[in-house]
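Q: Chain by chain, the residues:
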Amino acid sequence: MTDYDAIVIGAGHNGLVAASYLAKAGSKVLVLDGRGQPGGCASNRQLTEAVTVSDCAQWLGQFDRDIIKDLKLMEHGLLLGETKQTIALQADGNHLTLEETDVSGGGLSADDQDAYRRFRKQMNRFAKLIVQLYKKRPPKLVDQNWHDRLTLLKLGLGLKLLGREDMRDLMRIALINIYDVLNEHFDHPGLKAALALDAVTGSTMGPRSPNTVFSYLHRLAGNQLGQQGLCQVLGGMGALGEALAQAARSHGATIRLNSPVQSIMKEHDRVCGVKLDSGEQISAKIVMSSADPVTTFKSLLGYRHIETGMARRVEHYRTRSGTAKLHVVLSGLPEFSGLPATSLSHRLVIAPSMDAMESMLNPAKYGEVGGQQLFDISIPSIEDKALVSDGTHVLTSLVHYLPHSPKEGWDSLKPRVLDRLLDQLEGYAPGIKSLVTSAELLTPADLEATFGMTDGNWHHGELSIDQALMMRPFPGATQYQTPVRGLVLCGAGAHPGGGVMGVAGRNAAREILRGGHLS
Amino acid sequence: MNQYDAIVIGAGHNGLTNAAYLAKAGLRVAVMERNPYIGGATVSRELYEGWYYSNCSYVSSLLRPEIARDLELPRHGLQVVPFGGGCTFMRNGDYFGNYSDPGRHYREIARHSRRDATAYDRYAADTSLQTRLIRPYLLKTPPDPTSIKPRDLKDLLEFARSFMALGEEKLLDTIKFWTGSVGDYLNEYFETDVIKAQHAGSGIIGTALGVYSPGTAYVLLHHYMGDVDGNVGSWGFARGGMGAIANSLSKSLQSFGGEIVCDADVDEIIVKGGQAKGVALKDGREFYADIVVSNLDPKRTFLDITNSRDLPKDVVEKAQNFKIRGSSGKLNIALDGLPVFNGLDPKSRLMAGDLHFSDSLERMERAYDDWKAGTWSKDPYLDMMIPSLTDPTMAPPGKHMMSVFVQYAPPKIDGRDWTDEDKAGFEKSVIDQIANYSPNFRDLILHVETRTPREIEAEVGLTEGNIFQGELTFDQLLFNRPFPGYAQYRAPIKGMYLCSSGTHPGGGVMAAPGANAAREILADLKRPNTVPGGYVDD
Amino acid sequence: MSAESRDHMLLTTPFHSRIQQACEINDWGIWMGYTTPNAYFDVELEYFAIRSTTGVFDLSPINKYRITGPDAEAFLNRMVTRDVSKIGVNRVGYAVWCNDAGEMLDDGTIFRLGPQDFRLCSYQRTDEWLGWCALGFDVQIENESEAIAALAVQGPTSCTVLTLAGCADLNQLKPFGIAHYEFEGVPLAVSRTGFTGDLGYEIWIAPDKAEAFWDRLFEVGRDYLIKPIGSYALNIARIEAGFLQARVDFVPAEEAVRPGRTRSPLELGLEWQVDFGKALFNGREALLRQRDEGCRYRFVLLDVEGNKPADHSFILKNGKTVGTVTSAAWCPTAKSNLAFAQIEMPHGAPGDELVAEIYYQRELHWTRLLAPCKVIDAPLFNPARRRQTPAPPH
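Chains as they are written, first to last, in my numbering: chain A, 1 to 519; chain B, 520 to 1057; chain C, 1058 to 1451.
One chain only, chain A, in its complex shape:
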């Protein structure tokens, strides 16, 4: 008799989703997390006594609507804000406003606006095919069973149904870079850069890196599964974590926070439970890890407990990240040149041009920090006043591309980089620096330390085609199964990958239930 049917390592959104589905199906489930709050990357950070902000992920846009429904997350307190536009800030103050199908401002030509509609439509048609794949376990190509064959057949059919031109276009662009594709469609450098930003978030790829069309489609696929536009979670992303935790509990799952897992235990040739940092051992029929694959295999299980070829695959799994997080507490609302105050609550991005993005990436490749960075800004306190209790405002931004381990070391570099980031913001929002009451920069190394993501990679591993779909995370550990009996992957390192989607957790739970691993 084991203590639990299943132990889920990590109370991130995927872990909680997995636990909820299993518990809902009647299993006895325990979720363990080392942190004091549920949600993982969907959690909150207390910046000052009065100011709270989404700690890591800041927008919700890709969270599977079916999961929200299945787990009744709205009943468990999930509240979503209004759908946001993306405003691409331009140096000349002539900003662009990007919506799902339309783009305006910035002196855009009618051609570019038309092209935007056509581009989004076509890309969404392609993404729809991917959504089909995301909803299922990724099929194996050679060792397939009827289930995989059906998935492949449907995919093939979907491809055919695109029509000849679309099918050809998809096969042409699927593996290439977003740079070329955007250049084929658009003229406006700012528009191209704003779109390209969605293709490189969380990676160390530039717009010119092949594979970025795929990562753009990944983003769109998430959008289709999710909220079809970005929005804020009211109460901060931590509120999503809380809602998921409540849902899991309501189905009978146990969640233990502040209980870091030290290792996954094996008995003979299968997993039998986990050992906590405290020394406590808990047994279970299966262990699901929502930690990234490197953490799971290298740290929690240990290379000595898997075969050598698998260890080699883990070592070669690419987890580079160039994404950092900036939190700034402001004594008042900033003014961005050329931007009406009513637009401040939307998603503000700074990406001057695709070539500029490439130049910004260059230093990060060599462990250096460049002078200019890309920003993906949210000022959540405008819509969600509850985040600040003292009348201040909080600005939070993703920042690309900062290296995980700069040659110089972060200790001496960090204050200078933080300063430079604020200077760069000052260029778009004159006076903003004088409003800053406190600011902090979470480098990829900090994100790794806080959230346990190897190299601070948000996607739990680079989302390039060879680490996606039926190859995620790597051959031998696909379809949520690992070579170790009883160990299942359910995090972003598994198909379909990163983004606050919850799909990996749901799919993994479904595989377990389908496979009868708990009976």
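Treat the hints with care, since some could be wrong.
Stated by the list, open to error - Capping the alpha-carbon separation at 30 Å, the derived lysine-lysine pairs in DSBU-like fashion look like this:
id, chain 1, residue 1, chain 2, residue 2
1, B, LYS931, B, LYS842
2, B, LYS1045, B, LYS668
3, A, LYS298, A, LYS72
4, C, LYS1335, B, LYS689
5, B, LYS1013, A, LYS160
6, A, LYS298, C, LYS1335
7, B, LYS796, B, LYS770
8, B, LYS842, A, LYS121
9, B, LYS659, A, LYS140
10, A, LYS275, C, LYS1266
11, A, LYS128, B, LYS668
12, A, LYS414, B, LYS1045
13, B, LYS918, B, LYS897
14, A, LYS69, A, LYS135
15, A, LYS136, A, LYS154
16, A, LYS154, A, LYS128
17, B, LYS897, B, LYS947
18, B, LYS897, A, LYS407
19, A, LYS160, B, LYS832
20, A, LYS121, B, LYS832
21, B, LYS689, A, LYS128
22, A, LYS160, B, LYS891
To be clear, the hints were calculated from the coordinates, so they are not data collected in a lab.
Source: prediction; values computed, not measured.
Mind docking chains B and C on chain A? Use the hints.
A: Chains B and C only, in chain A's frame:
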């Protein structure tokens, strides 16, 4: 008498190959060449008295042996001599040498890293596996995956089968290889910078991508899939320079009754009622044929010499979007003697091979950063050869000819055309790099021919000076080359065909596009096929 | 000669000066990057030295890795298919190892020199694989191939010769045992191991004493008809004894290019080496699956009729090709015509009668011979002296 059965535009190696096969099948064929000499990018030119420059392409490996044999190129004077050796000089004064003898090669790697020396066998096996997958498709027309014609379905099925035979893991590894970067690929085998750098060169030569760009592992493969006399991956010099390839092809063509017209600059392909009828030259002459084959790259073919009113709109758009990026330049240097390189015995056999100075992936990637920023690499990746160490006909006795291929050089500098000052600056960055490692190099220089993408485009007619006539990225490979729907060598105009390196299987002096196009043309004419298939590769 | 050439010449072993003198016919080959003698004076006579007196083979080029540390045993146990904990201190065990797919990478011998101290001798260079295998283990791995000179001293009089050379009571050493001596002030290890299937030993010594030991050995061995032997003679002996060899009888998995060319231990007749009772070893999952689902091939020993070696032969069943020969030799002592073959399942069960399609040439004339052959379950050569302790004196 300007009436022919077929006209081929461009007397480069693919045009000549195509024409030779059509002539061999009994067609009356003429090849139109803009320059007063033939060869396109396979030329040997005496630009300094006594020295012969293979001033464009400079080494041979990919030339399909099936074609060389079938067109009797050896009888027509072609001799490809393999060279051994090659090395990467390091900043610390050491070097990494490349020996063809496996034992010696092992010991040289082991001198740098014993672990890497054993990893090399795994690397070689895995790379060979990929090579074997692609080689059977070189002398085949790529199937159209959107087609339901029996021939396409059969070819697709065969293609799928050869991949499925690998098994799940090796198949996924294959996808990883085909989509990955050469840097990541090498990182999975080697720990030593210089060893990675030595092998990474093949992943970027001729390509507007860096060693960390996904897709460059395939480019590496493209350079590995050739052979000299069955030694897969081996490279050689055409005796007398690359012009020997064009010359032997032209003799073969002429032996079948084909003609070559030089100084024939095509202005436009004549189309009547949707059917190609011949070509009109810039000097006003006209030549007629119901078959017109363009060996120009897809951009020049569809945007320059075809009237857009004769083309569907999508083809014009696709040609505009076709990526043919200038990324490389070339220096050809006449030397008064053999340069000495720091740390290497001048008598070393390594000198006969490809020499490099980029000893880390980072240096190579930084060279690419310069290209992205719109300028030539300040610390370029050089693929340098001294063919006169292998082929005595290239320079007078005791003197040497040096060919320096330079990666990267952009087609435009900061968005504007190259100026003579830019060219001088580009030349300087190359000479400086070599002189850094060779104390006597500068003093030996008798003559330098410097070719930026500007010169390559102006003379050879390769758009932007791109040596492969189109990037070797996935959107432009196999059934996507040059564009989806037009990968089977037929242009959208009846009687018009493509046979350049801009079609499958791409550039690298293979002659396969020319041969494959001839096979399709003969099929359309319902004539017996005279084009050989590939050798069975076991 | 330039420094570069010296760097890249074939290496010579610590015994080279002596071998060069002894190598009367100057017939050299390459083994692991070393100049090694194919034959010294006459292949047949050298072979008979192994079987009737003492043959000495220079084993120095073999790959030797020292594996030490708290996890040394666990490390090896995860790497190889057998249970290494069953190899006692001063014992040697044959071992094979696979990749995750259960495909054979190599075989070799594990010398347990202490509780946390092992030497692995492998046929293939295996530095990289050992490096990968070491991830997650507290072990040190040192390539000591050049640091140790080695000789195989094999044959009925080998125990006597080595005893005279200073290895007291060597006859008490059991098969696969290791005994430690001293020679001119340096350690000399003797293991009762070999590649000949006969009574024999392998000696391990510091390179700077190699020549002196060779001299001593040949001096005391003269009356016992000691002879140096080259690789050709050894190859006959190893086939006669039924030992397989990487790159000859199977393709090391990481060097295989073509699909389906690798073999698992189960397909190489090495089931006895695979301990499924261990919770984890490389290839376990794949081999378990193969055990349940069945192998594609069977590796067999064939007793071939007639006296023509069946090298490179196709093996037929009812006229249909069902396999190929990987190694073959006329075995002079056993008077058998032995061949190793890989046979497609389900053929090749012990006792199965097959036909070897042999081609041989006499005076430029090729003859095709269809020789009946039979699958046998063990090599015919298996002398008692190989196993006896105390080892017999002659």
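Q: Each hint needs a verdict: does it hold in this structure or not?
A: To see whether the hints hold, each was checked on the structure:
For the hint pairing LYS931 (chain B) with LYS842 (chain B), the CA-to-CA distance comes to about 15 Å; that is within 30 Å, so the pair holds. Between the alpha carbons of LYS1045 (chain B) and LYS668 (chain B) the distance comes to roughly 18 Å, so the proposed pair stays at or under 30 Å and holds. Our distance criterion of 30 Å between C-alpha atoms is broken by LYS298 (chain A) and LYS72 (chain A), whose separation comes to about 36 Å. Simply put, LYS1335 (chain C) and LYS689 (chain B) have alpha-carbon atoms about 27 Å apart, close enough for the 30 Å limit, and the pair holds.
Taking the CA atoms of LYS1013 (chain B) and LYS160 (chain A), the gap is about 27 Å. The hint holds against a cut of 30 Å. Among the hinted pairs, LYS298 (chain A) with LYS1335 (chain C) is consistent with the structure: their alpha-carbon atoms are about 21 Å apart, no more than 30 Å. As the CA atoms of LYS796 (chain B) and LYS770 (chain B) are separated by approximately 27 Å, the hinted pair is consistent with the 30 Å bound. Taken as a hint, the LYS842 (chain B) and LYS121 (chain A) pair is honoured in the structure, with Cα atoms around 24 Å apart against an allowance of 30 Å.
A C-alpha spacing of about 29 Å is found between LYS659 (chain B) and LYS140 (chain A), which places the hinted pair at or below 30 Å, so the restraint holds. Restraint check for LYS275 (chain A) and LYS1266 (chain C): not satisfied, since their Cα atoms lie roughly 53 Å apart, outside the 30 Å limit. For the given pair, LYS128 (chain A) sits about 28 Å from LYS668 (chain B) by alpha-carbon distance, which is consistent with the 30 Å threshold. For the hint linking LYS414 (chain A) to LYS1045 (chain B), the alpha-carbon distance of about 72 Å lies beyond 30 Å, and the restraint is violated.
For a cut-off of 30 Å, the pair hint linking LYS918 (chain B) to LYS897 (chain B) stands: about 29 Å separates their Cα positions. About 15 Å separates the Cα atoms of LYS69 (chain A) and LYS135 (chain A), which keeps this hinted pair within 30 Å; it holds. At most 30 Å may separate the alpha-carbon atoms for a hinted pair to count; LYS136 (chain A) and LYS154 (chain A) meet this at roughly 11 Å. Among the hinted pairs, LYS154 (chain A) with LYS128 (chain A) is consistent with the structure: their alpha-carbon atoms are about 12 Å apart, no more than 30 Å.
Distance hint between LYS897 (chain B) and LYS947 (chain B) is fulfilled; the C-alpha atoms sit about 9 Å from each other, no more than 30 Å. Between LYS897 (chain B) and LYS407 (chain A) the alpha-carbon distance is near 23 Å, which keeps this suggested pair within the 30 Å criterion. Proximity of LYS160 (chain A) to LYS832 (chain B) is assessed by CA-CA distance (about 23 Å); at most 30 Å being required, the pair is judged to hold. Of the pairs offered as hints, the one joining LYS121 (chain A) and LYS832 (chain B) holds, with about 21 Å between alpha carbons and a cut-off of 30 Å not exceeded.
A hinted pair counts as satisfied when its Cα atoms are at most 30 Å apart, and LYS689 (chain B) with LYS128 (chain A) qualifies at roughly 29 Å. At most 30 Å may separate the alpha-carbon atoms for a hinted pair to count; LYS160 (chain A) and LYS891 (chain B) exceed this at roughly 37 Å.
In the structure shown, a violation is registered for the earlier hints numbered 3, 10, 12, 22, in ascending order.
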